[in-house]
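**Q** Okay, here's what each chain looks like letter by letter:
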Amino acid sequence: MVNFRLISKIRGIIISMSFLVSCLMAPVSPVTAHPHMWVDLNSQVVIGNDGKAIAVYQEWLFDDFFSTALIEDAAKHSNGIQAGLTAEVNIILEGLQAYNFFTLLTVNDEIVPADGISGVDVEIRGQRVWMSFTMQLAKPVDIKTQQFSYAVFDPTYYIEMFHLDDAVVSFSGNVPDGCSAIIRQPNPSSEAIALSQSTTLDDDPNQMIGRLFAETVLVKCQ
Amino acid sequence: MPMRGRGTLILFLGAVLVIGGAIWQSDFANFSVSHYLNFIQSIQKGLHLQLADLLRRVETDSYGASVALISFSFLYGVFHAAGPGHGKIIISTYLLTHKSHLARGILLSFSSSLIQGLTAIVVVTASVWFFDLSMRQTHGVINDVEIISFALIMLVGFLIVAFRLFRLFTAARPPHGHAHDGHDDSHSAECGHAHGPSVSELQDPLTLGSFIGIIASIGIRPCSGAIIVLLLAYSLSLQMVGIFSVLAMSFGTALTTSVLATVTVYFKAIAERLLATRPHHTGSLAAITDIAAILGGCIIFAFGASLFYAALFAPVHPFR
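Taken in sequence, the protein lines are chains B and F.
Under our numbering, the first sequence has 201 at position 201, and the numbering climbs by one with no breaks.
Under our numbering, the second sequence has 289 at position 289, and the numbering climbs by one with no breaks.
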């Protein structure tokens, strides 16, 4: 004789399980990511002789916790702390290459590539490690006619990277008249919607969480 | 046993899950969750950075800075646990799907938070003192320890399901044909055989094994904020201060997790009272209990599995 009670039990279990697992799997990974490291940013738009943007200059000031750990490792270097810091930072920048140094450059809402970085400098300020570099744009951007913007963020949202509250993004070089840069704060609702409809960004879910909470620097010319 | 009543209950559960899932994925949910996380995050960030500042000040102004450090650590624990993590999904899933009392929920919350604090202290002390690892190397050790914790969560979920299924299959009753007039099913005397588990069997006590399993799987994953503060304290030779800071953090996370456990238990009690207004036989109550327990085990397993695989196959982050 067939045991109907057992069959109905199993049927109920299987139906409920499949609903639940499908609801569960998607949102879990973003929820577990949140910052445990902080970087204070300072940036500058570098303008070339022809008035076009050719590079983005960036300064990263690491938090006390990470800086202490970095300095501890740097101090072990045979040529002293400064040499140690340079060595450590170069290793970090090598690892950042795959992430385009956490920088997303866009011209007219399309992602544009960078052409590597140069001029890496590192020193200790207070108890914190300060690093700077200049990121070359692959192609110069005419900021008078094109919409140039960039965002510096960790896509996995392990690190939170913000300009200081009173920071102003300035220009260096032959800047055209009437141009300024504003820092737009993250607005998760509109970003979430825009991202989900964007055709230019990756479908990589990990790319999205850091982007949702990132600042965007917008260059505007009259 | 009315099959129709059973079918509608399952359909109802299924509908709740589908609607819940749709709401979860909606823009409104994304917006609310993002803003809530943002808020918690900003408070937590402020507290965390203050802790670094206070640790450095302990050397010169030991009493004042220490008191501030302990209080801020406690607050940090409270807010940190309000964000994602700290075993809240595991504890609330377990409480929702098993027989639960308030005391059990609070006990689970406090124990797992305390174990998390102790794990942080033990791992950092061992790494820094015995193995002479650097701060960043210790971070690497913690990442490996985390993967073990995720595997343990999977094991706990799996065992919950396995034990429940084992009990189900070994207790399967032979079918019978006589009608039920609504009499109490658990009396053997009238029908000559039992119709379902007795009331005492439904009590479902928290076994020592389940308890240890849950708090171990949560506790072995130390709070990352605690690790960072402890490492800085050790590098400044302020070991005792660091340890007390972590213990204060653990009490903070215990408090927040307990609040969630309390809310979970009351929510479940209300839901149970609503369900109790429908006439049912002890047999269907037993079936709901079994389904709920198995569902809970599946959720916990799926949660652990997604964490485990994400950690195992995560691309190397340049700063971790």
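Just so you know, these hints were derived from the structure itself, not from any lab.
Since the model is a prediction, treat every value here as computed from it, not as a measurement.
Heads up, some of the hints might be wrong.
Said to hold, decoys possible - As a list, the in silico DSBU-like pairs of lysine-lysine whose alpha-carbon atoms are at most 35 Å apart:
| hint | chain 1 | residue 1 | chain 2 | residue 2 |
| --- | --- | --- | --- | --- |
| 1 | B | K76 | F | K99 |
| 2 | B | K220 | F | K99 |
| 3 | B | K144 | B | K76 |
| 4 | F | K45 | F | K268 |
| 5 | F | K268 | F | K99 |
**Q** With reference to the structure, classify each hint as holding or not holding.
**A** Checked hints:
1. Restraint check: the Cα-Cα separation between K76(B) and K99(F) comes to about 56 Å, which exceeds 35 Å; the hinted pair is violated.
2. Under the criterion of a C-alpha separation no larger than 35 Å, the hint pairing K220(B) with K99(F) is inconsistent with the structure, at around 61 Å.
3. As the CA atoms of K144(B) and K76(B) are separated by approximately 49 Å, the hinted pair breaks the 35 Å bound.
4. At roughly 34 Å between alpha-carbon atoms, K45(F) and K268(F) fall within 35 Å of each other, so this suggested pair holds.
5. The hinted pair formed by K268(F) and K99(F) meets the criterion: a straight-line CA distance of about 9 Å does not exceed 35 Å.
In summary, the numbered hints that this structure violates are 1, 2, 3.
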